[in-house]
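Novice: Chain residues, written in single-letter form:
There are 2 protein chains.
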Amino acid sequence: MSERISEAELAVMEVLWREAPLTALDVAARIDPARDWSDRTIKTMLGRLLAKGVLAHEEEGRRYLYRPLVARSDYVSGESQRLIDRLFGGRAAPLVAWLAENHDLSAADIAELDALVRELKS
Amino acid sequence: MSERISEAELAVMEVLWREAPLTALDVAARIDPARDWSDRTIKTMLGRLLAKGVLAHEEEGRRYLYRPLVARSDYVSGESQRLIDRLFGGRAAPLVAWLAENHDLSAADIAELDALVRELKS
DNA sequence: CACATATGATTACACCTGTAGTCGGAGAGC
DNA sequence: GCTCTCCGACTACAGGTGTAATCATATGTG
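If you read the protein sequences in the order shown, they are chains Y and Z. Residue numbering for the first sequence follows the working numbering, starting at 1 and increasing by one per position. Residue numbering for the second sequence follows the working numbering, starting at 1001 and increasing by one per position.
Think of the hints as simulated: they come from the structure by calculation, not from any bench. Treat the numbers as computed from the prediction; the structure is a model and nothing was measured. Do not rely on the hints blindly, as some may be mistaken.
As the list claims (entries may be wrong) - A few chain Y residues that face chain Z, going by a derived Cβ cut-off under 7 Å, partial list only:
1. 74
2. 76
3. 83
4. 87
5. 92
6. 96
7. 99
8. 100
9. 109
10. 110
11. 113
12. 114
13. 116
To be verified - Estimated spans, in silico, between C-beta atoms of each pair:
14. 82/Y <-> 1091/Z: 16 to 26 Å
15. 50/Y <-> 1047/Z: 30 to 40 Å
16. 3/Y <-> 1058/Z: 33 to 43 Å
17. 94/Y <-> 1004/Z: 14 to 24 Å
18. 50/Y <-> 1058/Z: 42 to 52 Å
19. 1007/Z <-> 114/Y: 33 to 43 Å
20. 1056/Z <-> 32/Y: 35 to 45 Å
21. 18/Y <-> 1091/Z: 10 to 20 Å
22. 1106/Z <-> 110/Y: 16 to 26 Å
23. 1060/Z <-> 3/Y: 41 to 51 Å
Glycine is no exception: its CB is placed at the ideal position from the N, C-alpha and C atoms.
Let the hints inform the model, and build the full structure from the sequences given.
Specialist: Structure follows, in structure tokens:
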């Protein structure tokens, strides 16, 4: 169940993770206008997401209300794990090390990390 | 330049990042046998990777030797950034925090992180 | 030189994705 | 009640991806 969510579909999911349930048009209204999508396109996305089992819909009068079936955190979890598996040998630590080395973390980021590590050690 | 590398293509790139230049058949011999790919399939991948500009080939007698044009670290960089952009608002720190919370880092991982943070702070 | 072989080039084909358009039925207006 | 409209369902279509097969050509072999 719950097949992979494509890039474009993700934009729709993000809307519904932020606020649900919504009708198709409500979703369309909340999609980043920069996408410049037709309502039809969003209907298609909703249909595919339903088919993939990551959304549910219930009738409200003569339209549908859509709501997510998978939590954003689960999705984030899955995608992060995929990246780790594909590029970092399945271990999170090398990714963290890589990020630290390549990402010009701000002082605030480092402080945050420091606090995190301190907590992890306790 | 250098369009996106697909999942299957990545398997080919990984081989060439580990060892290059190689002929098509050498690549095939080094692909994880679990993939169970025909030589044809690997030729196709090589062709597409050439077209995408991420590989180069030079003639060696009547065959080609393939070598990567993009560094693995650049690819890793790009993919990590994509994940961060799509799911973590473009900032690395939240990803690290998320990893720390959800990944049951080992004591060794934590020590490594600790050393990293210590270094970053200095 | 004619033929079997090895290789790269070209072509195939189904499924996914991005991006819609069209069809058909349920209410809303005359 | 007949017609217009709004909405979901179904269909479309090009480009990417996974997974090859076929065609053409250069090469070594007898």
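Novice: Now tell me if each hint is right for this structure.
Specialist: Verification of the hints:
1. Annotation: residue 74/Y was flagged as interfacial toward chain Z, and the flag is violated, the nearest CB pair being 11 Å apart, outside 7 Å.
2. Hint status for residue 76/Y: holds, given a least beta-carbon distance of 5 Å to chain Z, under 7 Å.
3. Taken as an interface hint, residue 83/Y checks out: its beta carbon lies about 5 Å from the nearest beta carbon of chain Z, inside 7 Å.
4. A cut of 7 Å between beta carbons decides the hint on residue 87/Y: the least distance to chain Z is about 5 Å, and the hint holds.
5. Against a cut-off of 7 Å between C-beta atoms, the interface hint on residue 92/Y holds, since the closest Cβ of chain Z lies about 4 Å away.
6. Given the 7 Å rule on beta carbons, the hint for residue 96/Y holds: about 5 Å separates it from the nearest Cβ of chain Z.
7. Proximity of residue 99/Y to chain Z holds as hinted, the smallest CB-CB distance being about 5 Å (cut-off 7 Å).
8. Contact between residue 100/Y and chain Z, as hinted, is supported at the beta carbon level, the nearest pair being about 5 Å apart and thus within 7 Å.
9. Checking residue 109/Y against chain Z by beta carbon gives a least distance of about 4 Å; that is within 7 Å, so the hint holds.
10. The beta carbon of residue 110/Y is positioned within 7 Å of a beta carbon in chain Z (closest approach about 5 Å), and the interface hint is therefore held.
11. With 7 Å as the threshold, the beta carbon of residue 113/Y comes within range of chain Z, its nearest partner Cβ sitting at about 5 Å, so the hint holds.
12. Residue-level restraint check for residue 114/Y holds (minimum Cβ-Cβ distance to chain Z is 5 Å; threshold 7 Å).
13. Using the Cβ-Cβ criterion of 7 Å, the hint placing residue 116/Y at the interface with chain Z is satisfied: the shortest such distance is roughly 5 Å.
14. Judged by the Cβ atoms, the range 16 to 26 Å given for residue 82/Y and residue 1091/Z holds: they are separated by roughly 20 Å.
15. Distance hint for residue 50/Y and residue 1047/Z: a CB-CB separation of about 37 Å, consistent with the stated range 30 to 40 Å.
16. The beta-carbon spacing between residue 3/Y and residue 1058/Z, approximately 41 Å, falls within the hinted interval of 33 to 43 Å.
17. As the Cβ distance of residue 94/Y to residue 1004/Z is approximately 22 Å, the hint placing it in 14 to 24 Å holds.
18. The hinted range of 42 to 52 Å is satisfied by residue 50/Y and residue 1058/Z, whose Cβ atoms lie roughly 50 Å apart.
19. As the Cβ distance of residue 1007/Z to residue 114/Y is approximately 36 Å, the hint placing it in 33 to 43 Å holds.
20. The hinted range of 35 to 45 Å is satisfied by residue 1056/Z and residue 32/Y, whose Cβ atoms lie roughly 38 Å apart.
21. Judged by the Cβ atoms, the range 10 to 20 Å given for residue 18/Y and residue 1091/Z holds: they are separated by roughly 18 Å.
22. Taking 16 to 26 Å as the suggested C-beta distance range, the pair residue 1106/Z and residue 110/Y conforms, at roughly 22 Å.
23. Separation of residue 1060/Z from residue 3/Y is about 42 Å and conforms to the stated range, judged on CB atoms against 41 to 51 Å.
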